[in-house]
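Undergrad: Read off the chains here:
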Amino acid sequence: MKRHLTKRNLFILLIAIATGYFYSKDGSITTSVVSTATSFALPLALAAMVGIMCERTGIVNIGIEGTLLTSAFVAFFVSSMTHNILIGLTASVAIGSLLGLLLAVMSVSWKMDQIIAGTIINILATGLTSFLYVQGRTIPATFPEYDIPKLMDIPFFGQVLFMHGPLFYFGLFVILSLYVALFKTTWGLRSRAVGEHPSSADTAGVSVLRLRYINVTIAGAIGGLTGSFLSLELVGSFERGFTAGKGFTALALMIFGRWNPLGALAAAMFFGMTQAYANQLMIDQVVQIPTQFITILPYILTIIVLAISAGKVRAPAAEGQPYEKENA
Amino acid sequence: MTQSKKKSFDVGTWVIPLIAVIIAMVIAGIMMKFQGADPFRAYKTLFMTSFGSVKGFSATLGKATPLVLAGLAVTIGLRAGLFNIGAQGQLVSGALGTAWAGYTLTGLPAYIHLPIAILFGIFFGGLVGLIAGALKAYRGVHEVITTIMLNSIIMGLSDYLVVYHFREPGQLLTRTREVLPSARLPFVFSLPFGFFIAIALAAVAWWIMANTTSGFRFETVGRNKFAAWYAGISVKRTLMTAMMISGGIAGLGGAVETLGVTYRFEPAFNAGLGFDGITIALLGRAHPLGIIPGAILIGGMRAGASNMQFVAGVATELVDLLMALILFFVTAPLVTRFFKNSGSKSVTGGWGA
Numbered sequence: 001m002k003r004h005l006t007k008r009n010l011f012i013l014l015i016a017i018a019t020g021y022f023y024s025k026d027g028s029i030t031t032s033v034v035s036t037a038t039s040f041a042l043p044l045a046l047a048a049m050v051g052i053m054c055e056r057t058g059i060v061n062i063g064i065e066g067t068l069l070t071s072a073f074v075a076f077f078v079s080s081m082t083h084n085i086l087i088g089l090t091a092s093v094a095i096g097s098l099l100g101l102l103l104a105v106m107s108v109s110w111k112m113d114q115i116i117a118g119t120i121i122n123i124l125a126t127g128l129t130s131f132l133y134v135q136g137r138t139i140p141a142t143f144p145e146y147d148i149p150k151l152m153d154i155p156f157f158g159q160v161l162f163m164h165g166p167l168f169y170f171g172l173f174v175i176l177s178l179y180v181a182l183f184k185t186t187w188g189l190r191s192r193a194v195g196e197h198p199s200s201a202d203t204a205g206v207s208v209l210r211l212r213y214i215n216v217t218i219a220g221a222i223g224g225l226t227g228s229f230l231s232l233e234l235v236g237s238f239e240r241g242f243t244a245g246k247g248f249t250a251l252a253l254m255i256f257g258r259w260n261p262l263g264a265l266a267a268a269m270f271f272g273m274t275q276a277y278a279n280q281l282m283i284d285q286v287v288q289i290p291t292q293f294i295t296i297l298p299y300i301l302t303i304i305v306l307a308i309s310a311g312k313v314r315a316p317a318a319e320g321q322p323y324e325k326e327n328a
Numbered sequence: 001m002t003q004s005k006k007k008s009f010d011v012g013t014w015v016i017p018l019i020a021v022i023i024a025m026v027i028a029g030i031m032m033k034f035q036g037a038d039p040f041r042a043y044k045t046l047f048m049t050s051f052g053s054v055k056g057f058s059a060t061l062g063k064a065t066p067l068v069l070a071g072l073a074v075t076i077g078l079r080a081g082l083f084n085i086g087a088q089g090q091l092v093s094g095a096l097g098t099a100w101a102g103y104t105l106t107g108l109p110a111y112i113h114l115p116i117a118i119l120f121g122i123f124f125g126g127l128v129g130l131i132a133g134a135l136k137a138y139r140g141v142h143e144v145i146t147t148i149m150l151n152s153i154i155m156g157l158s159d160y161l162v163v164y165h166f167r168e169p170g171q172l173l174t175r176t177r178e179v180l181p182s183a184r185l186p187f188v189f190s191l192p193f194g195f196f197i198a199i200a201l202a203a204v205a206w207w208i209m210a211n212t213t214s215g216f217r218f219e220t221v222g223r224n225k226f227a228a229w230y231a232g233i234s235v236k237r238t239l240m241t242a243m244m245i246s247g248g249i250a251g252l253g254g255a256v257e258t259l260g261v262t263y264r265f266e267p268a269f270n271a272g273l274g275f276d277g278i279t280i281a282l283l284g285r286a287h288p289l290g291i292i293p294g295a296i297l298i299g300g301m302r303a304g305a306s307n308m309q310f311v312a313g314v315a316t317e318l319v320d321l322l323m324a325l326i327l328f329f330v331t332a333p334l335v336t337r338f339f340k341n342s343g344s345k346s347v348t349g350g351w352g353a
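The listed protein sequences derive, respectively, from chains A and B.
Going left to right, the first sequence walks through residues 1 to 328 as our numbering numbers them.
Going left to right, the second sequence walks through residues 1 to 353 as our numbering numbers them.
Check before you lean on any hint, since a few could be wrong.
[What the hints assert, rightly or not] Covered stretches of chain B, going by a simulated chain A footprint (3 or more residues, C-beta under 8 Å):
#1 139-149
#2 156-165
[Claimed, not checked] With a straight-line cut-off of 30 Å between C-alpha atoms, the simulated DSSO-like cross-links for lysine-lysine are:
#3 A:325 x A:184
#4 B:236 x A:111
#5 A:25 x A:150
#6 A:111 x B:225
#7 B:225 x A:325
Hints listed in this document are in silico derivations from the structure and should not be mistaken for laboratory results.
Heads up, the beta-carbon is just placed ideally off N, CA and C, and yes, glycines get one too.
So that you can see chain B by itself, here it is in the shape it has in the complex (with noise of 0.2 Å):
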């Protein structure tokens, strides 16, 4: 995590990943070879459909707007040397607490129906955020393992919201009423509004872990926790700080995608959104602008899967094994490159720090 920024834009930067997709590629054509379809004509219509035409491109910067966000609040706990597995959760929750707003408050013009939805979706994400950073700083309970259990909390509870108390009048599916139309996020040029967002969010938040005392509190703490306790930084604060952030920026995540793709919650609308996330997160090595090729590559697969689905006949979990192939190949020469060179313990310790 501590390379220096210039060092941090060096040619292994974009190399490493790029060998990585494409080796990534090749084993999982192999595999596809292996169920009997034609690899060549499936990552054709993967890009073609998601990169090929302006209605495509913007799908795929619909689908990467959370991706955006996910990796942007997993960088953000790295930063802060934790590691956020629960982006799932809070953005899941995020997601809930602003289709709530969306479609409750009513008579409301855009101008402030669309914030005070947004501003919920953050609050609910920062919240479950907050559950996990209080437990460590106060506990000592590993975060990894807070945040995964939170996922599975989360995820039951907010199936039992909407099936018990949410439910759209009259609907069998489990799922909510639309939000309102003065709550939706609007297209710029044809293109969601929210990828625009989320593209400034990650430059704000890499201005501020660049510049800024605060950014300079959560490098320290992600260093080296006792360093930064002897320099007068509240350890406890900090963490607790991070997992909060890093929980609202994956809950704004889950607002975004409410408000701009899918109108309402369903829980099966999120499913692994916040878990794209972490491999996003490490593909652009924990940096907060890096993430953003990451996130669009994969949006666009994700974009693209069900088309490829219908024409070559691959399973739409190609894109699960890309991105597991992918993550797998671009952390093992970050062995040498990044992780050892970074010469600090690893960004976790044992399950009591």
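Isolated chain A (complex conformation) (with noise of 0.2 Å):
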């Protein structure tokens, strides 16, 4: 577990050297490349959460990619319909819910194989967003960037992590409140306690069945959120097969970053990292790199890093199995 903690901490370490030496190099462009690697980090992260919520319940959740491509879809074809993005953003949330409630319904109370639960939900997501896809379609406008008073003078941080969209803050806000309620909150413990001992858990009182369901749906809903702001702030528009992975790819960084929302934080600031470091490169001109090969990085990342982390983590004991009481 030390050593492998100490490994983590030399990828930051590594980063932070490289970040140092590009900035003292050149400041406004190392400052402009963190700051677009925050925000591919962001919704990694936030997808992460969602399957951090589901699995220290005991759920895997292999369905986020599905629930990010619905309800990316949603936020902008609803609010290109409503002219509004507040109204996308909230039919967004409400179809990420409901896909959490279906996977709820699907592992806990029909107890089916909780990876092909998922596997239906992002099955189904493909289907129904490249079915009802109509090209040519606007959003009034993207949620605007909202630069916060003097927290974006400091130098570096500010534009980092001070100057972006409402979406972004709130996701950041959620992923540092999911840390606290995981860890700090009754409802965390008991989470956690029927995550890894389910029965114990229903001996103490708590409703195994009932929290499941409660901690899926809400993971769910921030997932909509999630999917919300990939359409809605980062990019501005949607296409088929828009997510690109984006939610498996969370699941490994829930892995590596051991089940934990700020290792999960950390893990995904490393991957936007290297994506936006590789952009960088490729923008400079430094190395000539097909651009297939910047487009693979991540994906070969996450193989990576699974590698790395696999075998040594612990994923919570009770996770893939549904819940029977005995006796009952």
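Starting from the two chains in their separate frames, assemble the complex, guided by the hints.
TA: Put into structure tokens, the structure is as follows:
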């Protein structure tokens, strides 16, 4: 465990050194690269929260990708039809919760294989969004950037952290509060107990099934928020296959971050940085890399990261198993 | 996964998927109505195009061929307790390898060229499967994530290879040259030969699973890794072999598609075939022969989709929607009848396992 921790710290250190080096050479470009990295990282981290919420209570959610895709689609098209991005946001959070609820029904009540349940959500999402997709729609506006006064003037960190849109800040808030909630509140303790040893939690008076339902549904809502962030704030458009595997990368980040919201956030940042730097190297023409290699970089990283960490980290013990009361 | 062989051919095996198909069609029909299209006209065109004539049926079987193989690939994985979502990437690798062998190797007679080209497909598909299998066996990385990631990696790599190295000379499109006639699969009674290969392979797979030690080893690992380990089966090696075979079959799917239908590699050609394989495997309840009707149905829908779009103005993506709905409705009752009844733990445990 200890060895693994230092390995991750090494990653962070390397990134910090690289950033410092580039910053000393050209401050403004480095700042904008890191700022881009943060925008890349936030949706991944938020999507990882969906996974953490579910898995900490013992439900494997492989349908994150589908949740993101559907909610990004709903966010975009509802905004486009109503000319109001707030309605789009609300609708996408609603559809996200609904998909969470569907996963809960399939895995908690119907006791289906959770991997298959998640896959069904993914396939449903692809089918629905590609069938209902209409070309050439636009939304009135994306969520505008809101620079936080005073804080934005801090060199480097000001632009990196405090010059984003409202959903970015809200997303960051969600991640931090999930960390607090998971480790400092009764709800968190109960959730983790249900994920580790449901029968003990049950004996202690926690309703396992109810808590699983609630958490998986809230997780779906976070997924909806993530989808909105992607289509209404970060990109401002939608096309078929829009989320491009982010939901799966998020699962890898969750594992790399050891089911800890802050760990996943750090892992996502590592991801975002790598991609932002690779992009910048390409733009600067420092190295001639075919675009395809830049595109597949995050996927290769995901596999490497998992190969390093998967065998060593421990998932919540009751993960993937439906709960059946003994002597009920 | 663990129903006995006799039981797996009970009434439910046929009735549930049938009901699922009907419900899915009704729901998709209602959605078409909302879009202002005529669902009856759409369905009629869809199925008359693909099943209404010999030519149409031949096209259907052509479309169904890689689907049978992709479905079989996923099925073999499921049998050994692996959920291979990477049939897509394995199939694409196979298709590219086969296409390359099909147009580069010149001066060979068909009876040598064709098998070699096919072997290239199996090899590259199997290689991609083996990567995921090895990561699973030795690093404990869950195959669902690695195979998904490999799908995207293969997509990027194949695009890169075609754009920078294998592109047809003087061609603006991202595609390779056509495979030589000596490597093309023939038609038998105007039906694609590849289809018969696929069916034969499914039958062989079924026989192996039911009657041989290797099949037994697969199933035992799939049902209970610890029991398998206790019984002296090398779980790691079995997992790797299963992923490799699964990938090889998917690669064969790509090979057959390339040599029998498309005659060249173009990244967009094989889009989604591997994912259809998942639906087909689950529809056929992970039975090597049970996947065939589903593959023909979906192949038919794929074959008739563009004509349906032309005649009834319904987007070809209707097929994706139909498949998703079918999968949902066929799996939901499986809860009680199949997955739950199996009594064993789920197909896939946690991430570490």
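Undergrad: Between the alpha carbons of residue 325 (chain A) and residue 184 (chain A), is the straight-line distance 30 Å or under?
TA: 28 Å, holds
Undergrad: Going straight from one Cα to the other, do residue 25 (chain A) and residue 150 (chain A) come out at no more than 30 Å?
TA: 26 Å, holds
Undergrad: Can the segment 139-149 of chain B be counted as covered by chain A under the rule of three residues or more with Cβ-Cβ separation shorter than 8 Å?
TA: holds (count 9)
Undergrad: Starting from residue 111 (chain A), check that the Cα of residue 225 (chain B) is at most 30 Å away, please.
TA: Holds, at about 21 Å.
Undergrad: Do the alpha carbons of residue 225 (chain B) and residue 325 (chain A) lie within 30 Å of each other, as the hint requires?
TA: Between residue 225 (chain B) and residue 325 (chain A) the Cα gap is close to 25 Å, so the pair holds against 30 Å.
Undergrad: Is the straight-line distance between the alpha-carbon of residue 236 (chain B) and that of residue 111 (chain A) 30 Å or less?
TA: Given that 30 Å is the threshold and the Cα spacing comes to 28 Å, the pair holds.
Undergrad: Between the segment 156-165 of chain B and chain A, see if three or more residues pass the 8 Å beta-carbon test, and mark the coverage as holds or violated.
TA: Satisfied; 6 residues make the cut.
The structure agrees with every numbered hint stated previously.
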